[in-house]
Amino acid sequence: MSKGKKSTGLSRRQFISRAGTGAVGSVVLLQNCVSGNENEKTGEEQIKFKLTGTNSLSLTVNGKKISTKVNENTTLVELLRDNLNLTGTKVACNNGECGSCSVLLDGEVIYSCHMLALDAEGKSVTTIEGLMDGEKLHPVQEAFIEEDGLQCGFCTPGQVIAAVSLLQKNPSPTKTEVMDGMAGNICRCGAYPKIIDSVLKASKKIKT
Amino acid sequence: MGRKIIRSEYHLYDEKIDTLAEVPESELTELPNNKDLKIIGKGIPRIDGRDKVTGKAIYTFDKTFKNIAYGKTLRSPHPFANVVKVNTSNAEKLEGVIKIIHADNTEDIGWYRGNSKLFDKVARYEGDEVAFVVAETEVIAEKALSLIRVEYKELDFVINPVDAAEPTAPKIHDSGNLPPKHGHRTYSRGDFENGIENSDLVFEQEYSTEVAIHNPTEPHCSVVNWEGEELTVWDSTQAVFGVRDTIASSLKISESNVRVIKEYMGGGFGAKLEAGKYSVMAALVSKEIERPVKVVLDRREMNLAVGNRPDSYQKIKVGAKSDGTLMALGLTNYGSMGAYSAGAGAHWPLRTLYKCENVKTSEFNVYTNAGRARPFRAPGHVQGTFALESILDDVAERLKMNPLEFRIKNFTPIDQDSKLPYTSKLLLEAYEEGAKKIGWNKRKTAGSDKGFIKTGYGLASQIWWGGGSPPAYATVKINSEGNVQVLCGTQDLGTGTYTIIAQVAAEVLEIPIEKIDVLIGDTQATPYAPSSGGSTTAPSITPAVYDGALQIKAKLISAASAMLKLTEEKLVYANGVIHEKGNNSNSLKASEIVKKMKENILVAKGARNENTSNYALNTFGVQFAMVEVNTLTGKVTVKKVVAAHDIGRTLNRQTLENQFHGGIIMGLGYTLIEERVMDDYTGKTLNTNLLDYKMATMLDTPEIDVIIVSETDELISAVGAKGIGEPAIIPTPGAITNAIYNAIGVRINSLPITPDKVLMALNKEV
Chain G
962 MSKGKKSTGL SRRQFISRAG TGAVGSVVLL QNCVSGNENE KTGEEQIKFK
1012 LTGTNSLSLT VNGKKISTKV NENTTLVELL RDNLNLTGTK VACNNGECGS
1062 CSVLLDGEVI YSCHMLALDA EGKSVTTIEG LMDGEKLHPV QEAFIEEDGL
1112 QCGFCTPGQV IAAVSLLQKN PSPTKTEVMD GMAGNICRCG AYPKIIDSVL
1162 KASKKIKT
Chain E
2 MGRKIIRSEY HLYDEKIDTL AEVPESELTE LPNNKDLKII GKGIPRIDGR
52 DKVTGKAIYT FDKTFKNIAY GKTLRSPHPF ANVVKVNTSN AEKLEGVIKI
102 IHADNTEDIG WYRGNSKLFD KVARYEGDEV AFVVAETEVI AEKALSLIRV
152 EYKELDFVIN PVDAAEPTAP KIHDSGNLPP KHGHRTYSRG DFENGIENSD
202 LVFEQEYSTE VAIHNPTEPH CSVVNWEGEE LTVWDSTQAV FGVRDTIASS
252 LKISESNVRV IKEYMGGGFG AKLEAGKYSV MAALVSKEIE RPVKVVLDRR
302 EMNLAVGNRP DSYQKIKVGA KSDGTLMALG LTNYGSMGAY SAGAGAHWPL
352 RTLYKCENVK TSEFNVYTNA GRARPFRAPG HVQGTFALES ILDDVAERLK
402 MNPLEFRIKN FTPIDQDSKL PYTSKLLLEA YEEGAKKIGW NKRKTAGSDK
452 GFIKTGYGLA SQIWWGGGSP PAYATVKINS EGNVQVLCGT QDLGTGTYTI
502 IAQVAAEVLE IPIEKIDVLI GDTQATPYAP SSGGSTTAPS ITPAVYDGAL
552 QIKAKLISAA SAMLKLTEEK LVYANGVIHE KGNNSNSLKA SEIVKKMKEN
602 ILVAKGARNE NTSNYALNTF GVQFAMVEVN TLTGKVTVKK VVAAHDIGRT
652 LNRQTLENQF HGGIIMGLGY TLIEERVMDD YTGKTLNTNL LDYKMATMLD
702 TPEIDVIIVS ETDELISAVG AKGIGEPAII PTPGAITNAI YNAIGVRINS
752 LPITPDKVLM ALNKEV
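Sequences listed follow chains G and E, in order. When the first sequence is numbered by the numbering used here, its final residue is 1169 and no position is left out of the sequence of numbers. When the second sequence is numbered by the numbering used here, its final residue is 767 and no position is left out of the sequence of numbers.
Certain hints may be false.
Here are some, though not all, of the chain E residues that point toward chain G, as calculated from beta-carbon distances under 7 Å [stated by the list, open to error]:
id : residue
1  : Pro46
2  : Lys53
3  : Gly495
4  : Pro513
5  : Thr702
Interface residues of chain E toward chain G, partial, derived using beta-carbon atoms under 7 Å [claimed, not checked]:
id : residue
6  : Asp63
7  : Thr218
8  : Gly267
9  : Ser559
10 : Ala560
11 : Ala563
12 : Leu567
13 : Gly663
14 : Met667
15 : Leu691
16 : Leu692
17 : Thr698
18 : Met699
19 : Leu700
Derived by calculation from the structure, the hints in this document are not laboratory data. Here the structure is a predicted model, which means the values were calculated and not measured. From the three backbone atoms N, C-alpha and C, an ideal C-beta is built for every residue, glycine too.
Could you put together the complete structure from these sequences and hints?
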């Protein structure tokens, strides 16, 4: 039967998780801890949300030097998708849990939803759009098509990026090593067996 | 080829569809077996693969405009509350906020079949819509939500369906928590009590299953844009026509003024079969501010507000003769609909899977203060089959019968409701091949495996509909380069719809698949096709494509006959070229014919054929699982699953395998790790993210073998394909559960089977 207890505790938690980026979330969290109740803190909002960025940022994206201005709370994936129109990189959880937003940062695979754009200053980012050589597919991309390592395709750019990174570090992975290396990328369609096949095939392609 | 119009009546989940359909007047020539075909049945790489691996595929999530504004929904933090007052004044002061709508400044728009409104003054679950903000950026819209002050009057709530069915429970709707029409549903055939009396063994057991969340990777999202009175909606949806109709009726505008487009979508699994409130809210504001509006749900909203697989609390009673004959099957079940009407039953497998004359079921579809259920990959069948197959395994053991022999003993060749034979039922063949593949004879006595990691084998069978039906249409065109375009109002959820359409057209017209362009998911550009649910897409649309392609072929032959001044009997069609019999040099290419005929003449509308009324249309299969249970940690590892199914014709071996893998892995997650966790004291959901809502990762992936025992099902259509999306997941939980029992010798009757449940079960025995 209904416990019927009244609670007000979770609205703050709800707010934080909705705040979108880790950075904004943590700032708001701090404020709430101080004020105790966001509901009473109405007109005193401290965070100013700017419509256009004011912080200069230079980085390399898919081999091109980019100089732009961003907000301090803009995440790397927001920069890629919203400012640079590189919509190949997806966002499924915006919380560092699923791997859909995986990109390479100086060759290392990272979750771009969980990194501030400003933290990529001076670094080199490779997205799914940067893997092709002109119209020629990267061997990993070829293998994903041939082995059908995808269904809906929404997590696929992240999977492909994770596979590229895995194969850079370990050009001849075993099946178990593929499973370990790709475990940070969730595929709700459950195409895992064919993703494994794709990565193993890509490994062969790269070697030959 | 003649046409006729028929009345087509069928069920899609809980909805009765009663419609008119144009169908071919006579039966089409059947496709030969796959071994004699060049393209159908082969593992052709999906035609949209390149778009998807390069990031060029544009999903609704990626759609944008230069002057786009962003919408976000304010949702109730309480499980049950009156919305007394909404104060937006502080939020409106935030720079970048454009418009906020809520109950007090928006006209009443009915929702949930008139049981609620777009903005209801009563919030019936944590997540119910209260207000909608449109701002210059998503971050600003998020921030504005926190600045809206809502005065709620909290009410006593109830979140468990068994509790909620009690007359004293808080009433979620005025009529109570059991809706008059379908709150309590019963079914019976034969004489259940008599069957029990005449049984040598009577066994009763309770089972429970969790609420599971669809969590497709692409969140629910819409982009809306008005041009004058015409509204275009890009939506991540399994039903472009359904969304169009709901949006048009909600906004009280003509359907012809609404265009819904879905090119690519990131999964649905049933959660995207209906229009979302967010699309209508966005359209309302977009019209007013004269700007396009984009709305994307976040993962928390995905876990609260856009559907789930209902839980089940099942009590099953089985009566059997000592020779294994099933004498009686009875079920009582409670399932949560959530706060608004939905289907929450689970009785169909018990009613249809095995031969039993005496069946009685009593099911309660109960309102609870939680997110509303939606169809989720084989609704009802997943939880129902788990419980049925668990108890039948238990009964077989008590009768000292091999679980497989027990199931073979109770095989039925006819549908026991209608007494009609099945168009095809190769379940016995599936048992045989599946058992061979898994090595069923290696199965030991339950709990007898030595060591602390114990291996076990289990099986479960499956029945589902999945035969498809009219109306479904496909327009096939050929242009002067000999390229073919197929237009069809269906959707590709990631299942490979684009590819199977192209395969069928390429096979019939004998041209390379690269020459086929497929356009789907656009209400303005394509003829009607039904929503993509119920495993009906492939069996409904491929016969329409086949029909259309055959018509084009016939037109080309007719045109060649006129051009070459030869009767059609003297012509042969091969590889897109028509030539005189015995004289290959006297020939015409399709492109040459089309050039002569000018543009847009060689167009054909293909239609799905009428279903037979003399047969029941179903899919069947069995899955065998091999698991390892670590009796020290309680961890279950699924090592291998063999899936053997009768699903008619295989259209594409590669995408078929992939979809089976996905169903089995999703079923594995449902059996072992997935669970929406709600707090009894607050009525709130505790795991609304992908870290705490556990879904299978690559590390959970077992070895999977997919065996298709059917060649085609010619009684369904000339193509003979049935659906596979749902059959793939149905038997998995039962097979794994029975394998766990076989490993440890103790039954666990509550999903998900997490390590703590395994350890508790083992301690009980020690």
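Here's how the hints hold up against the structure:
1. Pro46: 5 Å, holds
2. Lys53: OK, holds: Lys53 (chain E) within 7 Å of chain G, min 3 Å.
3. Gly495: Check passed: Cβ of Gly495 (chain E) comes within 3 Å of chain G, closer than 7 Å.
4. Pro513: With Cβ-Cβ at 17 Å, over 7 Å, it is violated.
5. Thr702: Constraint on Thr702 (chain E) satisfied, holds at 4 Å.
6. Asp63: Constraint on Asp63 (chain E) satisfied, holds at 4 Å.
7. Thr218: 4 Å, holds
8. Gly267: 3 Å, holds
9. Ser559: 38 Å, violated
10. Ala560: This interface hint is violated because 36 Å lies over the 7 Å limit.
11. Ala563: 42 Å, violated
12. Leu567: At 43 Å from the nearest chain G Cβ, Leu567 (chain E) fails the 7 Å test, so the hint is violated.
13. Gly663: It holds, given that the least Cβ distance between Gly663 (chain E) and chain G is near 3 Å, below 7 Å.
14. Met667: 5 Å, holds
15. Leu691: 4 Å, holds
16. Leu692: 5 Å, holds
17. Thr698: At 5 Å from the nearest chain G Cβ, Thr698 (chain E) passes the 7 Å test, so the hint holds.
18. Met699: 5 Å, holds
19. Leu700: 5 Å, holds
The structure fails to meet hints 4, 9, 10, 11, 12 from the earlier list, while all remaining hints are met.
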